[in-house]
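**Q** In the working numbering, the protein residues as written are 5 to 414.
Please note that a few of the clues may not be correct.
FRET-style restraints, in silico, Cβ to Cβ [as the list claims (entries may be wrong)]:
#: 1; residue 1: Ile344; residue 2: Gly112; range: 39 to 45 Å
#: 2; residue 1: Thr196; residue 2: Ile99; range: 32 to 38 Å
#: 3; residue 1: Thr11; residue 2: Gln187; range: 23 to 29 Å
#: 4; residue 1: Asn195; residue 2: Phe358; range: 29 to 35 Å
#: 5; residue 1: Thr8; residue 2: Phe281; range: 20 to 26 Å
#: 6; residue 1: Leu78; residue 2: Arg296; range: 20 to 26 Å
#: 7; residue 1: Pro109; residue 2: Leu75; range: 27 to 33 Å
#: 8; residue 1: Ile133; residue 2: Gln88; range: 35 to 41 Å
#: 9; residue 1: Gln88; residue 2: Leu300; range: 44 to 50 Å
#: 10; residue 1: Glu317; residue 2: Val18; range: 45 to 51 Å
#: 11; residue 1: Ser32; residue 2: Asn53; range: 29 to 35 Å
In silico DSBU-like links for lysine-lysine, alpha-carbon gap of 35 Å or less [as the list claims (entries may be wrong)]:
#: 12; residue 1: Lys363; residue 2: Lys56
#: 13; residue 1: Lys185; residue 2: Lys56
#: 14; residue 1: Lys391; residue 2: Lys326
Hints are computed from structural coordinates only; laboratory data are not their basis. Where is the CB? At the ideal position from N, CA and C, for every residue including glycine.
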Amino acid sequence: MLKTESTKQHIMAVILLMLWLSMGLKESINSAFNILFIALAIFWGNRQNTWKQVKQQPIVFALGAWTLLYLIGLLYSDNIADAQRRLMIKSMFLILPIALIAAYPMIGQRRWKQILVIAPSLFALMCLIRASIRFLGEGTFQYDTAVFMYYRLSAWIMHPNYMMLIIGSGVIVLWWERINKKQIFTTAIDNTLWWFLLIFSGLFLQARTGFIILIALLIIAGVWRLRQELKRYWKSFIIYPVVALVLILSLPNEFGKRYLVDVSTEFVPDNNKDTSFSGRLVIWNMCMKCWRESLLLGHGPGDAVWRLHEVYEENEFHSGVKDKYNCHNQYLETAIALGIPGLIVIFLLPLTIFVYYRKRAAVLPLVVFVAMVYGSMCFESIFERHKGVMIVAVVGTALALFSKVDEEKA
Numbered sequence: 005m006l007k008t009e010s011t012k013q014h015i016m017a018v019i020l021l022m023l024w025l026s027m028g029l030k031e032s033i034n035s036a037f038n039i040l041f042i043a044l045a046i047f048w049g050n051r052q053n054t055w056k057q058v059k060q061q062p063i064v065f066a067l068g069a070w071t072l073l074y075l076i077g078l079l080y081s082d083n084i085a086d087a088q089r090r091l092m093i094k095s096m097f098l099i100l101p102i103a104l105i106a107a108y109p110m111i112g113q114r115r116w117k118q119i120l121v122i123a124p125s126l127f128a129l130m131c132l133i134r135a136s137i138r139f140l141g142e143g144t145f146q147y148d149t150a151v152f153m154y155y156r157l158s159a160w161i162m163h164p165n166y167m168m169l170i171i172g173s174g175v176i177v178l179w180w181e182r183i184n185k186k187q188i189f190t191t192a193i194d195n196t197l198w199w200f201l202l203i204f205s206g207l208f209l210q211a212r213t214g215f216i217i218l219i220a221l222l223i224i225a226g227v228w229r230l231r232q233e234l235k236r237y238w239k240s241f242i243i244y245p246v247v248a249l250v251l252i253l254s255l256p257n258e259f260g261k262r263y264l265v266d267v268s269t270e271f272v273p274d275n276n277k278d279t280s281f282s283g284r285l286v287i288w289n290m291c292m293k294c295w296r297e298s299l300l301l302g303h304g305p306g307d308a309v310w311r312l313h314e315v316y317e318e319n320e321f322h323s324g325v326k327d328k329y330n331c332h333n334q335y336l337e338t339a340i341a342l343g344i345p346g347l348i349v350i351f352l353l354p355l356t357i358f359v360y361y362r363k364r365a366a367v368l369p370l371v372v373f374v375a376m377v378y379g380s381m382c383f384e385s386i387f388e389r390h391k392g393v394m395i396v397a398v399v400g401t402a403l404a405l406f407s408k409v410d411e412e413k414a
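Given these sequences and hints, build the entire structure.
**A** Dropping the structure here:
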């Protein structure tokens, strides 16, 4: 029997850390920690207080609407197995935030912030160590600086776009503490982690678009938060956009070519396969054709992707057929699966933040995080993977809870 509250607190914090770190491992391992965390949070948490707190956090209902919508979509999907799989993924939008709210009093705000910063820092460090070993070792990568700079570092752990969201969440937490002159660990450690994550994202992370979106959001939010101080001390703040510009200009592998648009033919030729923006334009064109077939309710969550692959084949989009591309755009992916109701639900989260959270003193980190996610959703189907749902549920709930605590302190 566990007799002390401090023991429970330490156990819950360790399990949350392992839940976050296991995002870089197999989904089965991450799911095991997920189930363990949810079970202990509900078992040890104060149920009466938890439901009271849930009612005070509308973000739970905004995220939970996904679960309800996919449950309804199950009714008109022919491919029941795939619809059930997608429903299980979306159910974490409802279950996990409730468990996080139940566990929050046991974990505490500062410890949770430390976890959100430690995990991405370890991911980035492991990526660099692996790249260094391949750079210094034998084989085709030995002393190849270009490969060292652009090798799919994060893909060893997870998809680059999900890696960017995890690193971005850590950067946002560090940014907010720095801007308020507070500490997560110590000033020296916080500064080291801040610059390490920024430089790693700018120079090594493949999801460069997400990095640019994040930097732009932090600059805009920082100007808004410090608008009074900027009028008096603008010289001390000029370093941030300068550093951001230098990092962006130094991005490897000819960053500009990523956005070269070659649509001289309707489809992406083999020699244009690496210009991912052109490839996405072709995919999005196929997605629009697919959506127009069932504009109101979509094809159903179990059938949408399969119908999209058929559209690829009908239009001789061979790369799409071979690699079984999804929409690479969450808005189009949702529209194809769930039609107009899906598009309504997808905007519930930002609408909820604007209506219910905008007056909170510490809402800016939540706003920046959601804006980063919704910007990334233009280029990737974030919510169609287990990791994407986990990241948004954990970080979104955490930042919503932090805003409430900071508001009460203020």
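**Q** Hint by hint, which ones does this structure get wrong, listed from lowest number up?
**A** Hint check: 5 and 9 fail, others pass.
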